[in-house]
Structures are given as structure tokens and as C-alpha cells.
Amino acid sequence: MTARFAVLVAGAVCACGADPGFEVLPGQRILLKGDSITRGYAFGNYSDPSPLRMIPDIGTILLRANHPRPPDFLRLENYWQGLNADGTAKTTDSLAAEIRLHIARGELRTGDWLIFEDAGPIDKAVHPAPWPWTKDIYGNYRGLLRDMVRAAEPTIGRDHIVFMTMFDYNPKCPECAWDAPLDDGRHSGNDAIRDEARELGIRLIDMNGIMDAANGHLSARGWGRTVGPDGIHPNVYGNWVMALAILRELGADIGNWKLDAIDARIAPKSAGGDVGTVWGFDKDPSAVERRQLLRDLRAIVAGMPRSSDSIQRVIRHGRLLSTAVKQPAGTSKTVIYELGKFFQLDRTRLLLVASMREQGGHDFCVGNDGFVFEKLPDIDPASAIPINRLDPDYKLKSNGAPAVQGRFPASGGFVPLGARLANGRPHPGAGTGFLFSGALTFLPDRSNGHPQATRADRTIEFIQLRWDGKTLHKTGRELTDRFEGIGVGRVPLSNCLEQDPGFLCPFPADDGSHVVVVRFDWDGKRWKPGAAGKPFGSAPEQPATGAAYAYRYRETEPSIQFTGGRYLLHTRGRDPKGHVYSSIDGLNYQLEFDHRNHTVPQVMNQGLDGSLYISTNTGPGYLRNPLLAFPLVGTSLSAPWVIHDEKGLRDPKGKEVPFADHGVGGNFFLDGRWRHLFLYRLCDLRETNGDGIAPLPGTGLYLAEMEYRRVTSVPFRF
Numbered sequence: 001m002t003a004r005f006a007v008l009v010a011g012a013v014c015a016c017g018a019d020p021g022f023e024v025l026p027g028q029r030i031l032l033k034g035d036s037i038t039r040g041y042a043f044g045n046y047s048d049p050s051p052l053r054m055i056p057d058i059g060t061i062l063l064r065a066n067h068p069r070p071p072d073f074l075r076l077e078n079y080w081q082g083l084n085a086d087g088t089a090k091t092t093d094s095l096a097a098e099i100r101l102h103i104a105r106g107e108l109r110t111g112d113w114l115i116f117e118d119a120g121p122i123d124k125a126v127h128p129a130p131w132p133w134t135k136d137i138y139g140n141y142r143g144l145l146r147d148m149v150r151a152a153e154p155t156i157g158r159d160h161i162v163f164m165t166m167f168d169y170n171p172k173c174p175e176c177a178w179d180a181p182l183d184d185g186r187h188s189g190n191d192a193i194r195d196e197a198r199e200l201g202i203r204l205i206d207m208n209g210i211m212d213a214a215n216g217h218l219s220a221r222g223w224g225r226t227v228g229p230d231g232i233h234p235n236v237y238g239n240w241v242m243a244l245a246i247l248r249e250l251g252a253d254i255g256n257w258k259l260d261a262i263d264a265r266i267a268p269k270s271a272g273g274d275v276g277t278v279w280g281f282d283k284d285p286s287a288v289e290r291r292q293l294l295r296d297l298r299a300i301v302a303g304m305p306r307s308s309d310s311i312q313r314v315i316r317h318g319r320l321l322s323t324a325v326k327q328p329a330g331t332s333k334t335v336i337y338e339l340g341k342f343f344q345l346d347r348t349r350l351l352l353v354a355s356m357r358e359q360g361g362h363d364f365c366v367g368n369d370g371f372v373f374e375k376l377p378d379i380d381p382a383s384a385i386p387i388n389r390l391d392p393d394y395k396l397k398s399n400g401a402p403a404v405q406g407r408f409p410a411s412g413g414f415v416p417l418g419a420r421l422a423n424g425r426p427h428p429g430a431g432t433g434f435l436f437s438g439a440l441t442f443l444p445d446r447s448n449g450h451p452q453a454t455r456a457d458r459t460i461e462f463i464q465l466r467w468d469g470k471t472l473h474k475t476g477r478e479l480t481d482r483f484e485g486i487g488v489g490r491v492p493l494s495n496c497l498e499q500d501p502g503f504l505c506p507f508p509a510d511d512g513s514h515v516v517v518v519r520f521d522w523d524g525k526r527w528k529p530g531a532a533g534k535p536f537g538s539a540p541e542q543p544a545t546g547a548a549y550a551y552r553y554r555e556t557e558p559s560i561q562f563t564g565g566r567y568l569l570h571t572r573g574r575d576p577k578g579h580v581y582s583s584i585d586g587l588n589y590q591l592e593f594d595h596r597n598h599t600v601p602q603v604m605n606q607g608l609d610g611s612l613y614i615s616t617n618t619g620p621g622y623l624r625n626p627l628l629a630f631p632l633v634g635t636s637l638s639a640p641w642v643i644h645d646e647k648g649l650r651d652p653k654g655k656e657v658p659f660a661d662h663g664v665g666g667n668f669f670l671d672g673r674w675r676h677l678f679l680y681r682l683c684d685l686r687e688t689n690g691d692g693i694a695p696l697p698g699t700g701l702y703l704a705e706m707e708y709r710r711v712t713s714v715p716f717r718f
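Quick note, the sequence shown lines up with residues 1 to 718 if you use the numbering used here.
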């Protein structure tokens, strides 16, 4: 048995705790959910037109002036309208119900950050009747927060939920004193927020401490307070502090941001600014002093501790790509990016290869595009590099009948530029790699698989790649249905597995009757097959269904990993079962065990700590929601973590119809650290089953990230 590529990069000791910076992907938003503070009362009213009146508006000014891809910073409306005379709620009856309504209306989506603020009477928070609470306010408020998180986390994940403690300075409303003991005489409202955040693993902004520091600075210099006369609503400087604290918690480098746009707004009205006298101030600072106060308060916020969270977690980044900007050759219909794979090009750059699906018919793919990037937000559909395209003028091999041959999602392998072998020597194939893309044959109108297509019409496109540090080159291309004399016709779901100095690549037969693992090696000019194991399989033959050849299979979609001194390979069977095989040499396999599963994509992935998990759905029927990750422990699947749950995606009759599937994860070096990145698609079933509905607002290629406490399993040494 040959060794895998070396295990660790010097200095990489943990995937958690590192500050990734403020990465913003397309469509992500910052959503502030709360009460009157979020509505904006910084001038002592809700009507002043200045953007300094509202926290999200201040944040928007800063983001647009300082971030290359500024996210929208918005306030989520409140649907709570109080109680009827009989004690029932007029609309929603809790914060959790409000969150579910936001999700159902598309106002809260995967990838969004949810920032929660509450400064009102703690006994009268939005909760089911009876209202207000009179006993166990601490426990009841914690339950309210817990229910809200449970309502939001299937869509955005806990990592994108942020709590904040609340400040107050002798408020006129006694129940708004968030540091005062509650009815139990021991806990405060802020204790409830801190304790629930700690238990749930929710990020927490200590807004109470931050505002106290800012307020102390202003008071000591005789200016006044960060709040108005009511003791709780922030004035323009209080809003400034809160906006900075929120952005900093999300990773923004606020200490180096430009403030020109805010400087112009904070000036006195007599100097063309927005602010007369500062509400809550005892004396009026000059224009110069006002600008200096902005910087003083920024320094205070930047110097305060950030929320720390070292738990293992799933981070839902949201949609990475949706509609293609460059229309692919051979199609005039709307094209959606849907499935993708990452490849390591060098120590700083990755390649994303994303497949494209033509809207208006079946699950028909028209090719793949590539995207070279150093940071996730740099992935831009306008910069797509064509990898391969469909053949719209294909002729059947058997009789020459007209057809169209699609090009489906790619898998493969790549050796990064600068990579070294396990013995420390430079890898001979560094900077090169290869892709496999399935070529399936359909009717000319693309409505279905061609009924006259045969085995000869199901091939694999084998593409050679080279990266020179600046440009991605396609150096070779061929169509084949055999490797090392063994019939193939389907592409693996996972990428190929490195086996120093080559790769192991599993392929199903065209009809899924067997699987074979082929080793590929670099010969100095190109990657080519060098050895193959014996074909294997265990799924029973299924009765003929009359389905077009493109859809027939017994066992398919293999994924391969290495753990505990042996190779494991997972397949999806029509049984319906997931089958797990083991091997010592990586080429020849025997059945280890199988597990019950719905007939949907099932991918075995390996985390940074070496652990394995299987990403899949459990049905029923064609429902592929939620997308789950089942840790593989021995021969058992443990309780899963939820990667994506799209409860709100329903047809006009109220039936759930989402496809959140084909989840493939891998370990990649990005932003100076090892990260486990996970790609999957989201769409409506009716986009792929022949109904041909238009893409939904959320359709596209999505990204999640699994954060691990330790790093022991990585593919390359640089």
C-alpha cells in the first residue's frame, strides 16, 4: 500500500477560533430584530429623515463606504399587535411565531445574519398569553429565546444568530432595567440572555458592557449620555456604538474603516449636517468635536472583547451562485448553477467547478464553469471560465438519430502548485489535475432521456487541467467509456482521493451494475489510468422499469475516503440502501455493511478531525428536506446535524417540495487556515421533474462550513 499525501501543514493546529474576517457572499443580509430601538428613536422621535436615526442605516453607510460587497443591513418588521380582550394574540403569539412568519414570507433566508435586540419591559416580551409574566420571569424569558432560536436555526443556523445584552441608565420604565434582579431576587434579564446564549452556543454581543464604556467616556467629559432622557433609547452616538458593535462581531475591521460619510451627517445642521443638538447631551459639541467623538467611541468598541465560540458547529453561508451571467453555448433558456466541487490550486487559491442546469424540463445539465478565487466573496458569475459544454447536435451511435448530449456535474482531482510528496520532495504533478463529467443523451427537445440511447451513448468526458499560478488551462479532452479495459459510464459524487503520488477514482458502470476503482498517475505530460481493481457491487438487480437508459442503475454515486489505515467506499443503491465497502490497497473492495436509506444522493465526507459523515436526506417520496449529516461511527450512523432545512418551500397546496441535496464536503486551505467547506444545491422538485417551473428565489448552489476543534486530516503538504 502506498502512503497518502502528507497529513499536516506547519502551524495548522485548529480550525476554530481563527477570525475569518467579514466574508459576505451574494445575497447575504444583516437583519436586526427587536423593538423600538430597531425602529429608530435617536432624535427622540420616529420621524426624523436622517439615517443616523436607525442602526441599520448607519451600518449601511459604513458598509457601502468600506466593504467591496456590502450586504444589506435591514430591520425585520414586527408582526406582534398585542392581545385581544380574551387574552389571545391578535396576530403572532411569540417571537418564535414571528420568526416562522419571516421565513415563510422570504424575509429571513439561509445565509442571513439575525441580530436580536430587546430593551422593552422584560415581563411583557412577545410571548403567548397570559401576559405579562408575574413568576419565573428569568426561566420564561430563557424559554422565549430558546424557542426563537429553534424556529430560526433550521434556516440560518445558530452561527448566524447573535444575541446582545441590554443597557439602561435609570429608565423611566422600571421593567426595562435589564441589570436589576427579577422576581427570583437573583437573576437579571441580562443573565437570562447570557445564560441562554452560553447553553445554546449562540454568539453574544456584550452591548451592556460596550455601552457602559462608551457612556462613561461621554459622561466623564461632560457631554452627556449615549441615551436620551428616557434612559434607554440610544441617541445618535448610542446608535453609532451599537452599529459598530454589531459589525465588529460579524468580523468587520471597523478600526480601519473610513468615516467620511458619517462625519458629514454628524455635523450640526448649521454646517450642512443632520444633527441639531444631540438628544441626551448636556452640552453641544462643535463639528470638529463631534467627529472626534465618533473616533473615540469607535476605539472603545474596537478594544472590547468579541464573542468567543469554540464549539463544533455548522455555519450556513447561504447561496454562492444562482443564475449564470454568461449564456452557455447550445442553449437559450435560463441556466442555473446547481452542483459544485472545490479543488486546491495552490496555497492561496481554490477552483470551484459548478455545473449548470437548463430550466424548463428535466434535470438536464449543459456543462460546467470554473471560478478561481482567493476569498469566497470573490466568486463572481461574471468571471466564469467555461470548462465544458453540451453537444446540441449529437447523433446516436446505433442509428444516427438526432439527439442532444448533456454534460453533467464534474468530479476529479488536482495537485496544488507547490505541493510536496510525503517524503518532502516536490510533487511531479504539482499544478495539474483532471475532471470527469458524465455525458448523458437526451431527446432533441431535452424533455427526457432518449429512449433509443444505448450504452455507447453514455460516456465520460475526461478533461486535463493545468494551473500556472495565474491562468487555468485546459490541456486535453476526450470521451471514453472504459478505463483499464473495464466499462464505466458514471462519475463519482465525491472528488477522487489522493494516494501518494496519484489518485483513486471510483466509477460505476453505465447501468450501475458494478463499481470499479481506478488509480490515475501523472506521466510527466498528462494524467492517465495506471491500475484498476476488480469490479464489485452488492445491490440486487431491480425489475425493469421502462425508464430511459439515462436513468437506469443498481448501484451508483460512489464516494471514497481513507481512515484508520483502510479505504472506505460508499454507494447509493436502488434497494434502497447505502452500501459501505472497505479495502486495504484502495483498489479491491469487499462489503463492510449497509444501512437503510431513501433513494436519494448519499455522500461520505471526511472532516478536518478525520471523522466521517454521510450527507443525505431521509424522504419520504421525492422530498429531499432537510439535508442532514450523519456521523459514521463504526458501522452505525449517529444522530445527524442539520445542514439545511427549507420548511418554507411549498407548492400552492401547501406541500413541501424542496430539493436540498448532493452535499459534498472537503478540506481546503483558504484564508491562511484549513477549512471544511460543503457545497450543495437547493431547488424546487418541479424544476427537475419535467414540470419546468421557473427557478425559485432561493434556487442555486449553496455553501455551508463545518468547524472542527482540531485538524488531523488534510490532503496536501505545501
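Heads up, a few of these hints could be off.
Computed cross-link-like contacts, DSS-like style, restricted to lysine-lysine with a CA-CA straight-line distance of at most 25 Å [stated by the list, open to error]:
#	residue 1	residue 2
1	K534	K474
2	K283	K172
3	K395	K333
4	K90	K124
I should point out that these hints are in silico values taken from the structure, not numbers from a laboratory.
Check your understanding: Is the Cα-Cα distance between K283 and K172 25 Å or less?
Key -> holds (22 Å)
Exercise for review: Would you check the hint for K90 and K124, treating anything up to 25 Å between C-alpha atoms as holding?
Suggested key: holds (15 Å)
**Study point:** Distance restraint between K534 and K474, which requires alpha-carbon spacing of 25 Å or less
**Key:** Measuring from Cα to Cα gives roughly 31 Å; hence the hint is violated.
Practice item. Would you check the hint for K395 and K333, treating anything up to 25 Å between C-alpha atoms as holding? Key: holds (22 Å)
In the structure shown, a violation is registered for the earlier hint numbered 1 alone.
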